[in-house]
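**Q** Here is how the chains run, residue by residue.
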Amino acid sequence: MTSASPGRLSWPALAGVVVLAALAPLIFTDFFVSVILTKSLWLGVAAASLIFLSAYGGMVSLAQVGIYGVAGMAYANLVLADGGSAAEWAPWLATLAALLIATAVGLAFGAIAARSVGIYFLMITLAFSVLVYYFFSQVTQLSGFGGVNNVALPSLVGEPGQDPTRLYYTTLVVAILVFVGLRYVSRTAFGLALQGVRDEPARLRALGFDVTLHRILAFGLAAFVAAIAGVLSVWYNRRITPGSIELNQTIDVLIIAVVGGLYRLEGAWVGALTYALIDNYSREWTPTVGDILGPERFNTILGVVFLVIVLLSPGGLVGLWERGPEFFEKRRRGPPGAVATPSPAGAAGDGPN
Amino acid sequence: MPRGSGWSKRRIALALVGAAVVVWLLVKGSEDWQTFAVVTLNGLTLAALFFVVASGFTLIFGLMRVVNMAHGSLYLLGGYLALEMQDAWFKEETAGLNLSLSGTGGTEYDLISWVVPLLLATAIIGVIGVLMQQVFLRWNQGQDLRQALITIALSVIFADQMLAAFGGISKDIKTPSNWPESITLPGDVTFGFFRGVVVFGAAVLVGVGLWWLIARTRFGKIVRAGVDDRDMVSALGINVQLVFAAAFFLGAMLAGLGGVLGGTMISLAPGEDTSFLLNSLIVVIIGGMGSLGGAAIGALALGLVDAYADVYLVFGDTDLTNYSILVTFGLLVAVLAVRPLGLFGRPA
Chain A
1 MTSASPGRLS WPALAGVVVL AALAPLIFTD FFVSVILTKS LWLGVAAASL IFLSAYGGMV
61 SLAQVGIYGV AGMAYANLVL ADGGSAAEWA PWLATLAALL IATAVGLAFG AIAARSVGIY
121 FLMITLAFSV LVYYFFSQVT QLSGFGGVNN VALPSLVGEP GQDPTRLYYT TLVVAILVFV
181 GLRYVSRTAF GLALQGVRDE PARLRALGFD VTLHRILAFG LAAFVAAIAG VLSVWYNRRI
241 TPGSIELNQT IDVLIIAVVG GLYRLEGAWV GALTYALIDN YSREWTPTVG DILGPERFNT
301 ILGVVFLVIV LLSPGGLVGL WERGPEFFEK RRRGPPGAVA TPSPAGAAGD GPN
Chain B
354 MPRGSGWSKR RIALALVGAA VVVWLLVKGS EDWQTFAVVT LNGLTLAALF FVVASGFTLI
414 FGLMRVVNMA HGSLYLLGGY LALEMQDAWF KEETAGLNLS LSGTGGTEYD LISWVVPLLL
474 ATAIIGVIGV LMQQVFLRWN QGQDLRQALI TIALSVIFAD QMLAAFGGIS KDIKTPSNWP
534 ESITLPGDVT FGFFRGVVVF GAAVLVGVGL WWLIARTRFG KIVRAGVDDR DMVSALGINV
594 QLVFAAAFFL GAMLAGLGGV LGGTMISLAP GEDTSFLLNS LIVVIIGGMG SLGGAAIGAL
654 ALGLVDAYAD VYLVFGDTDL TNYSILVTFG LLVAVLAVRP LGLFGRPA
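Protein chains in written order, with my numbering: chain A, 1 to 353; chain B, 354 to 701.
These aren't lab readings, by the way, just hints derived from the structure by calculation.
Heads up, the beta-carbon is just placed ideally off N, CA and C, and yes, glycines get one too.
The reader is advised that the hints may include incorrect statements.
Stated by the list, open to error - Going by beta-carbon spacing under 8 Å, a handful of chain A positions derived as facing chain B:
no. : residue
1   : 185
2   : 186
3   : 204
4   : 243
5   : 247
6   : 306
7   : 311
8   : 320
9   : 321
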């Protein structure tokens with residue numbers, strides 16, 4: 001794959017989207033702003049951490065929900081809440097601590113997984129994520145018996161239950177910062193080296209780059225972003241349970257990233273919005289067909305959408321959007337599916353690992 | 354990758370940790386060796402079940418480089434199918450006030466009522482596996498990430514449909530009524546008959562059968578050659594697609610068989626699919642993807658570590674058994690630190 005796909009960005013288009021998002025609370029109902037938009041924004045941040053690793057580092061990680069669970073649990077345990085250890089720290093201090101803890105855990109995960117590539121990496125990170133879930137469901141001192149509830153929030157976001165706009169704007173600003181920040185990183189020397197590691201690890205190693213270290217640091221950065229999503233999810237839900245970080249959630253974030261498109265950061269929020277819309281409205285229009293289909297069968301619909309996207313467009317919705325004008329160019333570069341797999345050269349280069 | 358000194362230091366540290374664990378187990382075991390024997394047997398039978406399931410997973414990966422993320426779903430579906438058959442065909446409420454002493458609610462199950470569902474469910478899961486491979490995976494050969502995503506999507510759909518069809522309540526498959534509850538081993542150690550004899554025996558049979566199939570038959574020869582060089586095997590005029598379908602049938606079948614065994618030994622409930630996908634993943638990550646011997650070693654390690662950590666993680670007054678999952682994680686980390694491709698793994 002060339003540097004073309006994650007490269008270009010239309011700044012006017014981005015500005016338009018941001019202005020629209022800023023005006024959203026004036027246009028839509030509180031319900032829509034909270035349940036669709038705010039949720040899409042923080043889910044998008046979680047998916048962005050996955051897409052960053054995939055697009056720039058060539059690593060599809062399923063550990064992001066595990067890391068976001070660590071951050072969410074850490075935050076919920078450090079502030080005043082029902083259940084858990086309820087340490088009564090100030091919310092901002094707890095946020096900082098949660099981000100640090102989760103990033104440290106992420107760096108540790110990265111140190112173990114970064115020597116593996118491709119499908120091995122996917123499996124190892126999946127194991128991490130599920131282990132985090134089992135850990136919190138076993139250790140009730142940290143997760144409470146019915147989760148950690150009524151978590152105290154920083155005064156900045158006010159009372160989301162009564163007025164969701166403050167939390168919405170907070171989440172929006174964070175999401176924009178994450179997006180711009182990750183794009184900035186991809187332009188730095190580190191980001192460029194990371195893309196080199198993605199495409200030609202053997203050559204980068206020959207040039208004297210520490211390939212494994214680049215992978216670990218990228219994983220740590222993605223862990224930091226996932227941790228932000230974890231804290232935001234607790235601000236949004238005001239609670240966290242082990243059930244909210246189980247395999248389903250891991251797969252949901254993966255689905256969001258894949259549906260949006262694994263090769264463009266914007267895809268994270270496109271996918272998250274699609275997900276939130278399906279999540280909410282599929283229950284209303286889904287016809288009931290025996291036990292197979294019905295308002296309860298949201299996951300079946302999601303699974304089918306995911307399957308169709310994976311089968312038809314490996315670049316996700318963003319990829320589909322770009323398909324038209326770029327079709328011929330892509331032809332020359334090879335089938336779109338080839339982008340999804342690590343190139344044989346890359347795999348061979350990692351042989352001597 | 355640092356070789357040389359870094360490696361040996363790491364190995365020494367791990368060997369020390371391993372030695373400490375063994376000493377700790379010996380100390381604990383000598384306090385009450387009967388409990389120790391039962392815990393060890395628990396670990397071994399758990400390992401047996403893990404091996405049956407994971408051997409199918411590793412077989413499919415070894416030959417086709419397909420990571421079948423729906424393997425756990427096939428496991429659970431196998432169990433549910435067997436349960437449905439047993440309920441539909443063999444559950445005859447003996448009418449009247451028949452207060453049975455066997456505690457099976459007045460229903461007698463004979464050997465047939467367990468074996469027939471086992472065989473049928475296993476075969477059906479095999480067929481489902483082949484269908485999955487033919488419809489969704491065959492035309493994506495070589496795109497391992499995409500294939501993994503496809504099987505993840507299928508597992509989401511499977512999980513939701515199974516929840517709709519079989520409900521969220523934990524169920525189990527009944528053993529034949531005339532089988533003993535438990536067996537007594539030398540030294541007055543009593544242990545569950547089904548766990549100790551049937552599951553363990555099945556795992557040994559599966560292990561020996563697979564070894565024979567892989568090492569002694571023409572099919573096995575082709576599979577081994579295919580693991581090394583698919584293109585060459587294909588170029589020699591062997592119908593690789595047929596071999597792939599057969600391997601997928603076999604691999605899926607083993608998941609189904611594991612589901613019936615697990616559904617009788619433990620239980621069937623939503624979430625068991627995740628649990629057995631994770632177990633299979635850990636087993637093959639430890640043992641090395643695609644290696645049957647590795648799967649056996651990995652299953653043994655995981656089963657024993659699980660069993661010991663659930664019981665012996667007590668230090669004086671502090672009970673750390675809640676944290677037993679960390680020991681499993683530690684096992685994974687320790688193996689990956691020394692061998693990133695698992696104990697018997699080879700670069701793809």
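**Q** Against this structure, judge whether each hint is valid.
**A** Outcome of the hint check:
At its closest, the beta carbon of residue 185 of chain A sits 23 Å from a beta carbon of chain B; the interface hint therefore is violated under the 8 Å criterion. Taking 8 Å as the C-beta contact cut-off toward chain B, the hint placing residue 186 of chain A at the interface is violated, the least distance being around 21 Å. Interface restraint check: residue 204 of chain A against chain B, minimum CB-CB distance 13 Å, threshold 8 Å, status violated. Of the supplied interface hints, the one on residue 243 of chain A is violated, with its beta-carbon coming no nearer than about 10 Å to a beta-carbon of chain B, more than 8 Å.
Given the 8 Å rule on beta carbons, the hint for residue 247 of chain A holds: about 5 Å separates it from the nearest Cβ of chain B. Contact between residue 306 of chain A and chain B, as hinted, is supported at the beta carbon level, the nearest pair being about 4 Å apart and thus within 8 Å. The interface hint given for residue 311 of chain A is met, as the beta carbon of that residue sits about 7 Å from the closest beta carbon of chain B, less than 8 Å. The closest approach between the C-beta of residue 320 of chain A and any C-beta of chain B is roughly 16 Å, which is over the 8 Å cut-off, so the hint fails.
A distance limit of 8 Å between C-beta atoms decides the matter here; for residue 321 of chain A the minimum to chain B is near 20 Å, and the interface restraint is violated.
In terms of the numbered hints stated before, the structure departs from hints 1, 2, 3, 4, 8, 9, listed from lowest to highest.
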